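Engineer: Residue numbers (the numbering used here), protein chains in the order written: chain A, 1 to 554; chain B, 1001 to 1324; chain C, 2001 to 2250.
Bear in mind the hints are in silico, worked out from the structure with no lab data behind them.
Small disclaimer: the values here were computed from a predicted structure and weren't measured.
Hints may be right or wrong, so weigh each one.
Said to hold, decoys possible - Quick list of in silico lysine-lysine cross-link-like pairs, DSSO-like style, CA-CA up to 27 Å:
1) B/Lys1283 with C/Lys2179
2) A/Lys249 with B/Lys1320
3) B/Lys1298 with B/Lys1017
4) B/Lys1314 with B/Lys1283
5) B/Lys1086 with C/Lys2100
6) C/Lys2197 with A/Lys63
7) A/Lys154 with C/Lys2179
8) B/Lys1231 with C/Lys2227
9) C/Lys2024 with A/Lys249
10) C/Lys2024 with B/Lys1146
11) B/Lys1298 with C/Lys2227
12) A/Lys60 with A/Lys382
13) C/Lys2018 with A/Lys208
14) C/Lys2052 with C/Lys2198
15) C/Lys2179 with B/Lys1257
16) C/Lys2248 with B/Lys1017
17) A/Lys382 with A/Lys155
18) C/Lys2024 with A/Lys477
19) C/Lys2107 with C/Lys2198
20) B/Lys1144 with B/Lys1283
21) C/Lys2018 with B/Lys1146
22) C/Lys2190 with A/Lys154
23) B/Lys1257 with C/Lys2018
24) A/Lys249 with C/Lys2018
25) B/Lys1187 with B/Lys1144
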Amino acid sequence: MDKGAGSGERFVPARYQPPLPRDQLLIPLGTEGAGDRMELDVLIVGAGPAGLAAAIELAKLAKADGQELSIGVLEKAEALGEHSLSGAVVNPRAFRELFPDLKDSDFPFRGPVNREAVYLLTANRHWHLPTPPTMHNTSYYVASICEIVRWLGKKAEELGVNVFTGFPAASLLVEGADVRGVRTTATGLGRDGSPGPGYAAPNDLTAKVTALAEGTRGLLTQAYLEWQEVPSENPQIFALGVKEIWETKRPLDRVIHTLGWPLPNDTFGGSFLYPLEPNLVALGLVVGLDYRPLTLDVHELLQRMKGHQLFRRYLEGGELVEWGAKTIPEGGYYSLPARRSGDGVVILGDAAGFVDVPSLKGIHYAVQSGMYAARAIYAALKAGTQSGALLAEYDRLVNHSYIVSDLYKTRNMRLAFKDGFWLGGIKAALMTLTGGRFPGGPVSVERDADVPRRAVPAERFVPDGLLTFSKVDAVFKSGNATRDTIPPHLIVGKNVPREAAEFYAHMCPAAVYERAGEDLRINAPNCVDCKATDVLGPRWTPREGGSGPKYKRM
Amino acid sequence: MSVVLAVCEQRDGVLRKVSREVVTGARRVADGLTGTVEALVLAAAPVKGTEELARFGADKIVTLTSAAFSRYAPEGFVQAIAARVKSGGYRVVLFAASATGKDLAPRVAARLGAGLAQDVTDLGVEGGALVATRPVYAGKALAKVKLTAQPGLVSLRPNVFTPVERPHPGTPETASVAVTAGRVVVKEIKPAPAGALDVAEATIVISGGRGLREPANFKLLEDLAAAFGGKAAVGASRAVVDAGWRAHADQVGQTGKTISPSLYFAVGISGAIQHLAGMRTSKVIVAINKDKDAPIFKVADYGIVGDLFEIVPKLTDEIKKLHG
Amino acid sequence: MKIAVCIKRVPDSETRVKIASDGKSLDEAGVKFVLNPYDEFAVEEALQRKEKAGTGEVAIYCLGSAASQETIRTALAMGADRGVLLQTDRVPADGFEVAKALAAELKGGAWDLILFGKMAIDDYNHQVGPMVAELLDLPCVTAVAHLALEGRTGVAEREIEGGVEVVEFPLPAVITADKGLNEPRYPALKGIMAAKKKPLDVKLVSLGAGGLELLGMAPPAERKEGKIVGEGAAAVPALLTLLREEAKVL
């Protein structure tokens, strides 16, 4: 149906993508180069819902036994929550299990979902659709993941957990096939990599067990799975979500999801509009990274989308308060790694792929996985071991839980959309009706980077600065004030052609990439760590602590 | 009869221009209180130029001399001023919120047990009380405060209280005072480091962005800066600093410097919010850009749409003519 | 060296300022609070001086709400030895009241140095440091960008209009720190852990209203809409006329 410019060579992102820098990411324990060293019982990488839930559950288990565990949580953001971003509508069940003594009203949620609606959009109209069963949200709560993370962080610290913000983990410390801990990034390097005035050497943190809770497209997680050749039925695939928070003049009283416009028919995705407060709304557009048009630009599509009457009526006269972006693992059941545990290591939350795309939920799975991991870790520590054999109890707990059974029910729903919106929609409806049984059987997918893109001229987009914003202005609203002279953190392929530069420029929501004539210009400090680049283009590595966005209520 | 004391500043025996602003502010307050203005100068010997303060509203111009006052001497100044305020029953004491004033005013306030509204941008009398406006949160908000105790102490932000001519007698009075030797001694004033004026110091800043096309073209802006005769500095947007064309010390913006010059030229700069964050409190903003839709024009007071390679040289020529 | 550092918990400099419904305070929703950046220079200077001297103590003093404990812990994580919180929910608009409370607490402490940041980035008051010095009858130099100590004599440099003032003073003294004084360290992992165990005393205080009353806070006036003067080089004379006669900046 759609022909590219000359039906020949399509642009395939994987061709220009460098491999994972394994030498950097996996280093033998004892390698020179660390400044401070710290030994812990348990090290958790990432202070998101999964990491903090694991820390809290571990601390509680130890306390109940009259024991004390040294638990450290490393977080690359300068303060808790600053790199966390989600819709979000939260299922409280995992919170209730983690805090059996608390009531729903004690949890850091905003308000219950009272009303909801799903719409199909065209450029000028919207049609109310019956809410698909997977999208029923009443009895759930609208929340800000930043607020959830800050709340969990306080609970963790009250229990004696050490939360270290501003410390990104750059490499796994390994001994044989054992994970022994991590090495953090250095601080205060100049653009050429040499130490500047604020220089601080990397730190080595070793622990009996390391829990990787890095979130979407976790770097160390990827390194571990590739290194240990842990298989999965399908590769993990991703969507990119770009989100804004607005203070509005007109109140919003319901949770809204939309499908259709402005996405092309062969592109998976949809939007959300949630009230944090009647006059404080979160809205975003989520798009599968297997999109076909080379110049598809999720940020620009979101800007365009806001002009639709459905959104405009709320946003007009209001103020953009925050902006951000993050990828979401979409592969579901078939993309889960065969095991999420090993010698000295467990993998939690989004990093493991515990996200259900049809219902847009991942936070409660993250928290639940954190609790299961904590139980398995605690039992292993008591038995005096960190071997994968005992930590595999974590996999057993997850596999027999609602996490996996939920993901199994919707195992092909997202994948069905690989056939396009209408056919996919029909398939998805059938799956819903049959509880996932029909059409059944695994749908195989390729990695996003292997999907060929068709050249399509980009539409010119001129932001008005009132309703729509340029990427550079959006990055300002993410709170990003990264040091300009920081060393470049993106690993770019060699001889990147003009087409690739064009592709990257549209792919990245933060204007890190620009096509400058025949060259690729890189504005690395703009990066908001969404990881889209790591999926489709130059590989992402962590920068010094505190770099990147400073989300407040995303 | 309310007396408003205007504490003026001198350096090397010459009255500093900011003194005119302090007297202007004092005159405004005195008129609101139906009172008089006394200008005060502390020096080792009579200071050149003090008589002009009469033009700006001083009823009396008092010079207090002491050998200790050849340079700023915090403890001696505090002693002398506090003693005068106490004995004279002054209603209001004004200072310039200069580097010296911001140092001196708090000490005098503490000595007198009085409150101090520091660095105000507006001052008036409402219902017989002194009311001041001060920028807070880096100018993102303005706080209005009432001084409820007497005397009320206020320091005025420089370059805000434009001197207004309101001639008054300006009767001169000189007296020598004895102050105890201070422990804090100003040994010398080193001149600012030689070389280009810092963007954060200059009263006029000319910034260039990607529109300049090449680093060599910044010469156009340097020529324009030179035409202003030493008062102007050349700044840069983040994009050109990133590209290595200009030093990071010249970068104006959120991750560079935040500046507040009297006159800011944005040349070939589109106007991203992170740049605006660094210069939006400039008194007057002029934008020169070939794109009439560039966001910078929304923030600029004056704009010229067109080719900067023609506009800037013409501007340089005209400025040179102005400065003779 | 026995050094006291007075710090303040302030909203982050990037804060989007929204005025609360009372018309007088900052709406704190979504606001991140940090250690006042100028106070970081003060803490760093104290740590460096103590390290140079080989022995001594760096004590942190803070006046503020209970949440300020977190801010004191940040300073402790940098390396300070202990902290004192003068806890109050209402901090008056009058800096002199703050100075009185701090001076009362610091009095008799036999400090070699008392350090402050030159100002807080929320109120921009630029006054508490020198007021405390006055109350304690100590020599004081403000806005110091360079500090040298030789025995019991100090030489400080501070920026003034058109130059640098070089000031000599004896110890003990009060110094307020400006940007450029030093490069504040990031807390190390071990420092963050150790900070939890360092002593932090909390004393409840109540401050008077003082001589300043905050009537209200408002957003700054919108810039008046600008105008495009013309096109091309031909518009330059018109621009200059406007700059000279209307804007009065030439």
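Engineer: I'd like to know which numbered hints this structure contradicts. Please list them from smallest to largest.
Structural biologist: 2, 3, 7, 13, 25
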